[in-house]
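Asker: Spelled out from the first residue to the last, the chains are:
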Amino acid sequence: ILNVEQSPQSLHVQEGDSTNFTCSFPSSNFYALHWYRWETAKSPEALFVMTLNGDEKKKGRISATLNTKEGYSYLYIKGSQPEDSATYLCAQGATNAGKSTFGDGTTLTVKP
Amino acid sequence: DTGVSQNPRHKITKRGQNVTFRCDPISEHNRLYWYRQTLGQGPEFLTYFQNEAQLEKSRLLSDRFSAERPKGSFSTLEIQRTEQGDSAMYLCASSKGTTSYEQYFGPGTRLTVT
Chain L
19 ILNVEQSPQS
29 LHVQEGDSTN
39 FTCSFPSSNF
49 YALHWYRWET
59 AKSPEALFVM
69 TLNGDEKKKG
79 RISATLNTKE
89 GYSYLYIKGS
99 QPEDSATYLC
109 AQGATNAGKS
119 TFGDGTTLTV
129 KP
Chain V
385 DTGVSQNPRH
395 KITKRGQNVT
405 FRCDPISEHN
415 RLYWYRQTLG
425 QGPEFLTYFQ
435 NEAQLEKSRL
445 LSDRFSAERP
455 KGSFSTLEIQ
465 RTEQGDSAMY
475 LCASSKGTTS
485 YEQYFGPGTR
495 LTVT
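Note that the protein sequences, when read in sequence, are chains L and V. The first sequence lines up with residues 19 to 130 when you count with our numbering. The second sequence lines up with residues 385 to 498 when you count with our numbering.
Please keep in mind that the hints were generated in silico from the structure rather than gathered at the bench. A quick note: this is a predicted structure, and the numbers were derived from the prediction, not measured. Keep in mind that a hint or two might mislead.
[Claimed, not checked] With a straight-line cut-off of 25 Å between C-alpha atoms, the simulated DSS-like cross-links for lysine-lysine are:
1. V:LYS480 - L:LYS60
2. V:LYS480 - L:LYS77
3. L:LYS96 - L:LYS76
4. L:LYS129 - L:LYS60
5. V:LYS480 - L:LYS75
6. L:LYS129 - L:LYS76
7. L:LYS76 - V:LYS480
8. L:LYS87 - L:LYS76
9. L:LYS75 - L:LYS87
10. L:LYS96 - L:LYS75
11. L:LYS129 - L:LYS96
12. V:LYS395 - L:LYS60
13. V:LYS441 - V:LYS395
14. L:LYS77 - L:LYS96
15. V:LYS441 - V:LYS480
[Stated by the list, open to error] Per label pair, the in silico range of CB-to-CB distance:
16. L:ASN47 - V:ALA437: 22 to 28 Å
17. V:GLN464 - L:SER25: 33 to 39 Å
18. V:SER457 - L:TYR92: 35 to 41 Å
19. L:GLU88 - V:THR496: 39 to 45 Å
20. L:GLY97 - V:GLU452: 45 to 51 Å
21. V:LYS441 - L:TYR49: 17 to 23 Å
22. V:LEU439 - L:TYR92: 29 to 35 Å
[Stated by the list, open to error] Listed below are several chain V residues computed to face chain L (Cβ distance under 10 Å; list not exhaustive):
23. GLY387
24. VAL388
25. GLN390
26. GLN421
27. GLY426
28. TYR432
29. GLN487
30. TYR488
In this text, a Cβ means the ideal position worked out from N, Cα and C, and glycines have one as well.
Make a model of the complete structure from these sequences and hints.
Answerer: Written out as structure tokens, the structure reads:
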């Protein structure tokens, strides 16, 4: 993996379904992995930042895991709600806290 | 509101014109970043500042693009002789310190070049 890649590109689920997305990134020289939620017409909102292999973070119904050795992170949403509809971005942070390299995002649509 | 603010939110300009965008970071944040996002893609890094010093520039930042942060507070991004390919969302983010992991984003400026 040379770039940050996210899958799937888009996802449509029914209210109440649980879902998960994948972020793959170069495992060499890992520093930090960020997850953001970006709703239309709003600023991207930071969800999680993870730095250690095996990290697990949780915020309400949303949780994330990190595997730095194999270069992937999963974002899970339990019991999706319509307000969870957004684009979810992951980004790999640079070693000097400089630029972040983003994936192209997963757009989630939750139907009531 | 003490978040990152960007102005204008939308800009429509004709090809060949110059445009300037402004970003006001969170007040105690010493790092400021500019990204560009086009439809269907994630944000691409353009440049970042630590205080007033521009520390890194992407090769995406052609000679038509210039960014400044003269007093280490707000920043401006200028695009000269705009081209249709410059149409995008321009995002600004800020962070605190030199090792902070978290970047806080503004709402972006949507540029349309006709």
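Asker: Each hint: holds or not?
Answerer: Results of checking the hints against the structure:
A hinted pair counts as satisfied when its Cα atoms are at most 25 Å apart, and LYS480 of chain V with LYS60 of chain L qualifies at roughly 22 Å. For a cut-off of 25 Å, the pair hint linking LYS480 of chain V to LYS77 of chain L stands: about 22 Å separates their Cα positions. Among the hinted pairs, LYS96 of chain L with LYS76 of chain L is consistent with the structure: their alpha-carbon atoms are about 11 Å apart, no more than 25 Å. The suggested pairing of LYS129 of chain L with LYS60 of chain L holds, with an alpha-carbon distance near 20 Å, which does not exceed 25 Å.
A C-alpha spacing of about 22 Å is found between LYS480 of chain V and LYS75 of chain L, which places the hinted pair at or below 25 Å, so the restraint holds. Taken as a hint, the LYS129 of chain L and LYS76 of chain L pair is honoured in the structure, with Cα atoms around 23 Å apart against an allowance of 25 Å. For the proposed pair LYS76 of chain L and LYS480 of chain V, the alpha carbon gap of about 23 Å is at most 25 Å, so the pair holds. Proximity of LYS87 of chain L to LYS76 of chain L is assessed by CA-CA distance (about 21 Å); at most 25 Å being required, the pair is judged to hold.
Under the criterion of a C-alpha separation no larger than 25 Å, the hint pairing LYS75 of chain L with LYS87 of chain L is consistent with the structure, at around 18 Å. Taking the CA atoms of LYS96 of chain L and LYS75 of chain L, the gap is about 14 Å. The hint holds against a cut of 25 Å. A threshold of 25 Å between alpha carbons decides the hint, and for LYS129 of chain L with LYS96 of chain L the separation of about 15 Å falls inside it, so the pair holds. A C-alpha spacing of about 17 Å is found between LYS395 of chain V and LYS60 of chain L, which places the hinted pair at or below 25 Å, so the restraint holds.
Straight-line distance between C-alpha atoms of LYS441 of chain V and LYS395 of chain V comes to about 24 Å, which keeps the hinted pair within the 25 Å bound. Restraint check for LYS77 of chain L and LYS96 of chain L: the C-alpha separation of about 11 Å stays at or below 25 Å, so the hint holds. Only pairs whose Cα atoms come within 25 Å are accepted, and LYS441 of chain V paired with LYS480 of chain V is accepted, the gap being roughly 19 Å. The hinted range of 22 to 28 Å is satisfied by ASN47 of chain L and ALA437 of chain V, whose Cβ atoms lie roughly 24 Å apart.
For GLN464 of chain V and SER25 of chain L, the hinted distance range of 33 to 39 Å is satisfied, since their beta carbons lie about 38 Å from each other. For the hinted restraint 35 to 41 Å between SER457 of chain V and TYR92 of chain L, the CB-CB distance of approximately 39 Å keeps it satisfied. Separation of GLU88 of chain L from THR496 of chain V is about 41 Å and conforms to the stated range, judged on CB atoms against 39 to 45 Å. For GLY97 of chain L and GLU452 of chain V, the hinted distance range of 45 to 51 Å is satisfied, since their beta carbons lie about 47 Å from each other.
In this structure the hint that LYS441 of chain V and TYR49 of chain L lie 17 to 23 Å apart at CB holds, the actual value being about 20 Å. The hint said 29 to 35 Å for the Cβ distance between LEU439 of chain V and TYR92 of chain L, and at roughly 32 Å that hint holds. Among the interface hints, the one on GLY387 of chain V holds; its C-beta lies about 7 Å from the nearest C-beta in chain L, closer than the 10 Å criterion. Because the smallest distance between the Cβ of VAL388 of chain V and any Cβ of chain L comes to about 7 Å, under 10 Å, the interface hint for this residue holds.
Evaluation of the GLN390 of chain V hint against chain L yields a held restraint, the C-beta minimum of about 9 Å falling below 10 Å. Checking GLN421 of chain V against chain L: minimum C-beta separation of about 8 Å stays under 10 Å; hint holds. Annotation: interface hint on GLY426 of chain V holds; nearest CB of chain L at approximately 3 Å, less than 10 Å. Because the closest C-beta pair between TYR432 of chain V and chain L is about 6 Å apart, less than 10 Å, the hint holds.
Of the supplied interface hints, the one on GLN487 of chain V holds, with its beta-carbon coming within about 7 Å of a beta-carbon of chain L, less than 10 Å. With its C-beta approaching chain L no nearer than about 7 Å, TYR488 of chain V sits inside the 10 Å limit, and its interface hint holds.
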